[in-house]
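Enquirer: What follows is the residue order along each chain.
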Amino acid sequence: MRTLFVCQGTGCVSSKSPEIQVALEKLIEEANLEDIKVKLTGCHGFCQQGPIIIIEPEGIFYGLVGVDDVAEIVESHLINGKQVERLFYKEPVTGKAIPKYEDIPFYSKQERIVLKNCGTINSEDIEDYIEVDGYKAMEKALEDMIPDEVIEEVKASGLRGRGGAGFPTGLKWQFCRDAKGDQKYLICNADEGDPGAFMDRSILEATPHSVIEGMVIAGYAFGATKGYIYVRAEYPLAIKRLKIAIDQARERGYLGENILDSGHDFDLILFEGAGAFVCGEETALMASIEGKRGMPRPRPPYPAVSGLFGKPTTINNVKSLSLISPIILKGAEWFASIGTEKSKGTAVFALTGNISNSGLIEVPMGTTLREIIYGIGGGILDGKQFKAVQSGGPSGGCLPASHLDTPVDYENMAAVGSIMGSGGMVVMDEDTCMVDVARYFLDFTQKESCGECGPCRLGTKQMLDILTDITEGKGKPTDIDLLLELSDAIKTGSLCALGQTAPNPVLTTIRYFREEYEAHIKEGRCPALVCKELIDYKIDAEKCVGCHLCFNNCPVDAITGDVRGPHVIEMEKCIKCGMCLEVCPENFSAVDKISKGIEQEAAQ
Amino acid sequence: MSVVKFILDGMELSSTSDQTILEAALKNGVYIPNLCHHPDLKPVGVCRLCLVEVEGRRPVVSCMTHVQEGMVVTTESKPITSMRKMTMSLLLANHEGDCLTCAKEGKCKLRELSSYMGIEDEDINRLRSSPRNIAKDESNPFFTIDMNKCILCGICVRTCAEIQGDSAIDYGFRGFDTVISTLGNKDIIDSICVSCGECVTRCPTGALSVNNYTPPAREVRTTCTYCGVGCGVILGVRGDTIVNVEGDRSNVVNRGHLCVKGRFGFSFVNHPERLKKPLIKKNGKLVESTWDEALDLIAGKLGNYESHEMAVLSSAKITNEENYVVQKFARTVLGTNNVDHCARLCHAPTVAGLAQSFGSGAMTNSINEIPDAACMFAIGTNTTSAHPVIAARMKEAIRNGAKLIVANPKEIELCKFANMFLQHKPGTDVPLMMGMARVIIDERLHDESFIKEGTENYEAFRKSLDNYALDFVEKITGVPANKIKKAARLYAKNKPGGIFYAMGITQHTHGTENVLATSNLALLTGNIGIASAGVNPLRGQNNVQGACDLGALPNVYPGYQKVTDLDAKKKFEIAWNCSLDGENGLTHVEIFDAIGKGNVKALYQVGENPVLSEADANHVKEALENIDFYVVQDIFLNESARYADVVLPAASFAEKDGTFTNTERRVQRVRKVIQPIGESKSDWWIMCELAKRMGASGFEFSSSSGIMDEITKVTPSYAGITYDRIEENGLQWPCTTLDHKGTEYLHSGEFKTPTGKGRFMPLEYRESDELPDEEYPLLLTTDRSLYHYHTSTMTRKVAGLNVLHEEELMMINPSDASKLEIEDREIVEIVSRRGRTRVKAKVTDICPPGLVSMTFHFFESPANELTNAALDPLAKIPETKVCAVKVSKIVK
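Residue numbers (the numbering used here), protein chains in the order written: chain A, 28 to 631; chain B, 143 to 1034.
Pulled out of the complex, with its shape left as it was, chain A reads as follows (with noise of 0.2 Å):
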């Protein structure tokens, strides 16, 4: 019995792979293949390689599929076992192709536990979780263990919060489980809000029954009979993944009442967000499901003690609740034998930015930044040089190269100023203005931002005032000082953790590339040449043969001159959308950008 898994996470089905799947079904069929399935998967996690199909038991990994590929690979893969070396993944620097994708690097040097199952079975037919040992850590703690031993367990594998906060997760189970209430709750918090995350979303449409498992172990352990999924409304794909993986838990009584006759009911609500990054936040998060406008309110009371509606509740990350069948089937030991000291077990990734292998990972807590990015995520795309990594969304930092070497877990990561965060990684080019990134991340605190509390419902937009004029020429000498006395206002004085954390793109960027800003505020000079008041576009007239390309694609006739003759851009009507630079043919490579230089004015 062979098996093709067609991966269909949001990714991958953007590209496509839906017809993929179709037209593989329809070719077998028609030549009546037998012992051949044809499944959907989740994200396999190569996303720069999608559409993916994993052939089954062989194992063989083909990349970039398209729906031209599939007659290929049922002629000569499927019915003449001659496998399609083309759509096999190549080393960037050899040119070798690896037919396994365990052999691939990549995925060879990741620890996969939470996406164990990513990629390798139907995230749509809780049988073949099943198949996987799913639901069998739950068979094990409500019928082989008491809810004080579950929780034990999960304290002594040392789990901490994925979601960002590293809290223990034993302990945050433990509060809730002492606290008095007549009713309580789980919540489990799939706002996933980060820009450039998407670790959340993937596992929820990969392997949705994961999360639900480990919530009935979670609800048995703490005394929760009911459970809440806070989804952001724009997963269409996971919400639907999820429906069917609740629907198909409950019909097989793994959700509801008494479960498998251990005497604990426990059902879930799916409920959708509405567009908004601070409702990630847990109070805000219970204000969004109370009905009421999602705004987060300070703490004491924690939500352990009064929550949702006011009773104990707990929320928990998807990834923290991924973890927790595995820690019950393979015990607390085998888990934090993972990992550092402080930091046990795995982690998880999204890869994203100016690198090669963009995708979904995990690795053991500890492995550093150089391995991460270069060992697993190949290096910088188009052979440019490494600028910065950026993680942990818009409450992180960024981290220069000198800091390649720091081990990737809670307390490095905060020693160094930045955050692991709840796993988002962007790696910057040498072509990024540190500037400019944070500028963009205030840009998205500010729009965000509930407008609450004055520290950060002020303090981000005078931020993201500073840095847009300092990035358009018009920043001040004292701009720098007055940007760390801000940050330190609004770190101290901001109600939650979204204004708490919103300087911090812009501290851990000046902490690094002071010189940065203050070119663009002395020489009112864009190092990087990326914002665009401060460059120009300039053809060089010794390169430029006329070949007209860049007049025919300027979008605003900017460019004058005629074919063969010299062209200039006028820089009054130029826009600064690159296309000029884009299309200017390479052996030519006319088209240069340059700094406007301004001299910058004493006064404003």
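Just so you know, these hints were derived from the structure itself, not from any lab.
Below, simulated DSBU-like cross-link-like pairs (lysine-lysine); rule was C-alpha separation at most 30 Å, straight line:
#, chain 1, residue 1, chain 2, residue 2
1, A, Lys503, B, Lys220
2, B, Lys227, A, Lys501
3, B, Lys637, B, Lys567
4, A, Lys319, B, Lys251
5, B, Lys249, B, Lys278
6, B, Lys184, A, Lys518
7, A, Lys253, B, Lys184
8, B, Lys278, A, Lys319
9, B, Lys184, A, Lys207
10, B, Lys627, B, Lys617
11, B, Lys227, A, Lys474
12, A, Lys549, B, Lys227
13, A, Lys338, A, Lys207
14, A, Lys143, A, Lys117
Looking from chain A toward chain B, a few residues come up when the C-beta cut is under 10 Å (computed):
#, residue
15, Pro327
16, Lys474
17, Asp492
18, Ala516
Where a beta carbon is used, it is the ideal one built from N, C-alpha and C, also for glycine.
The hints should help you fit chain B onto chain A, whose structure is shown.
Expert: Positioned in the frame of chain A, the structure of chain B alone reads:
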């Protein structure tokens, strides 16, 4: 709650464990900066200025952190002080800077804080500022919203949620663009805002400001003159004009809370149309005269009639002292018991009904007990319109977990907050409540021990329930049986439970029986004689309770002592040194009947407008056209006064001293704020002058407190009232001695009936007098608006109230409208057997099919010319709430 010692900035302070650090600090005279804190509201910790250091912890917001024994708190530290300064500077950098001309100047918390923190120009100027340029919302006539000055402290949002209970405003949008707005970001006048002004009065900046705010030169505490809640108000005066009103936070009834009329509706006092001189009708026209001429004329005329040919209508708006004097005048000078007032048209059944079941006919419990009720049954009361501040207490009770059952033919505002809404047909209250009683007994939810020990006549009552099988009740009322069951269970199982009612219960030919149905329910469940329960008739006028208490009624002397009781008669003959008539006099409607027949030839009317307020008003108009002699004593020349032979200018509530008694029996002070307008005089002065000119003695009063002294001698329930004793919080009667502390709730332990037990009353269902038929197929009922008061004599003099409620809109159900081909806002004709008028129609499903509803606030469409004056046989109240009409399109 225990005493706690803690350290604040190095000083040892003492507090209690229920206090927050901020509260404890402020109480001990230590200021911690704060912007979003308000003593009336739950703390939210959003302004962040009150952050303090606590040893062993991360900094906390002092407004939300309770003090603990041994806590060490530091209010200033480098990071916290810097954060405060930066936050303030950011607020100021983005704030409209017209401080000198801003309405909040002198009271602005931003200024106070920036001065406290030492914010300088440089702190603000070094920041980037982004003016938002949001257009002011000037849609409301009374206040303006300027979002450019808003600091988003959220006090207004929390006030609307926690004090007024309506949540008309909330945060909108996000980030720097966050505003406080309404549903759909509409202008405030297009939202559910009821203009109570509670948010405006609490706003710390100029974002919310009263229009044309004029700081007063002096302020006087008094009691509101509109409705029976009796809110404490502080009138601000400049010169001789009332320029401002604040709620009196020290008043136990409202704690400073006001409704739109109480806060913004007193400009009528200084209105140019106030009567300033006596008027005498000469040659068919009312011309100005003098007091001497007018009083002599009246004295002369009245002296020539027989006692039974005269009648006096006292006013539910004048003080207790004045009501006492008016009824004394009628009885001792005119020699007649033909004295009544508008309670006849509203709560006469309450007095007649509860007198039978409880022995005393007044609201049994107090307003402040409402928030602690477990259940409230509101039947025939549109509380949010007619008693807004009581409605706010009900909403508070709901937020505390209470259940609310609303029974009303129309889907009123209160239904929004209700757990159950029983939409019964008008006039079917007896079967509805008897049906509920039946369920309570059938399901054994009644309070057996209370019934056994504290009540009588239970068996007869229980037997009468045999006639109220639920399918019968369902058929008559239109309410599904299972709903009746659920409501009954809710009321019986959630104690303490209070019943609240008003005109929907009383204004019927079986109004007395309706009232008895409510007392039956209360007795059945033991919800009487305990706090937060009871039977609570919501008295309408500011002093209708007092007018009844002080005997402005044809059948009782002050203190409800019967006119026909020989002992009582003797007592008053001695007290007043004259002989008295021992027969009951005529009631309100009977007086107009008698005038019509020529039996009553002279009518002396104080502070009323029967031409608009009396059912079958055409009958009243005819009577007044033909009456021999008609004297009107009022503050404005209202629609009735135009018929008068003599009009006397009376002083308003703001121009005299005295007392009002509110619906919960609380006697409160009314204080003189300005001199009487023009030549107007207080009503008691006028009556005394007249009495003297008619040769009577016993009217030599020189002050209203002097009148109260006499009142206490003859009115047992008021015997302990003195102006000194009621100075702070008033006193609730019965207050029988000078040591008595007043009575919060009645019938505790014993009833006032002869046996001391509460009496069950078996009841039969009697249909309303005039139900729809083929010729008049719709049922007309009447209603009230929040913005106008009764016949609008006062409220339509206030420009802003006319903006908020401009004209009459007859409510009609869409299916009825479509059958009649009537469109929304079309002018239609409405006709009954007694009268006709034209009015604009509002097509709405607030009214169920078959029911149309009008207010009686607009003289242009006098609803009472249509209504039916058929009387309740015991209480003699007309059936204002039910009559048959036909509505038609006006064909040009």
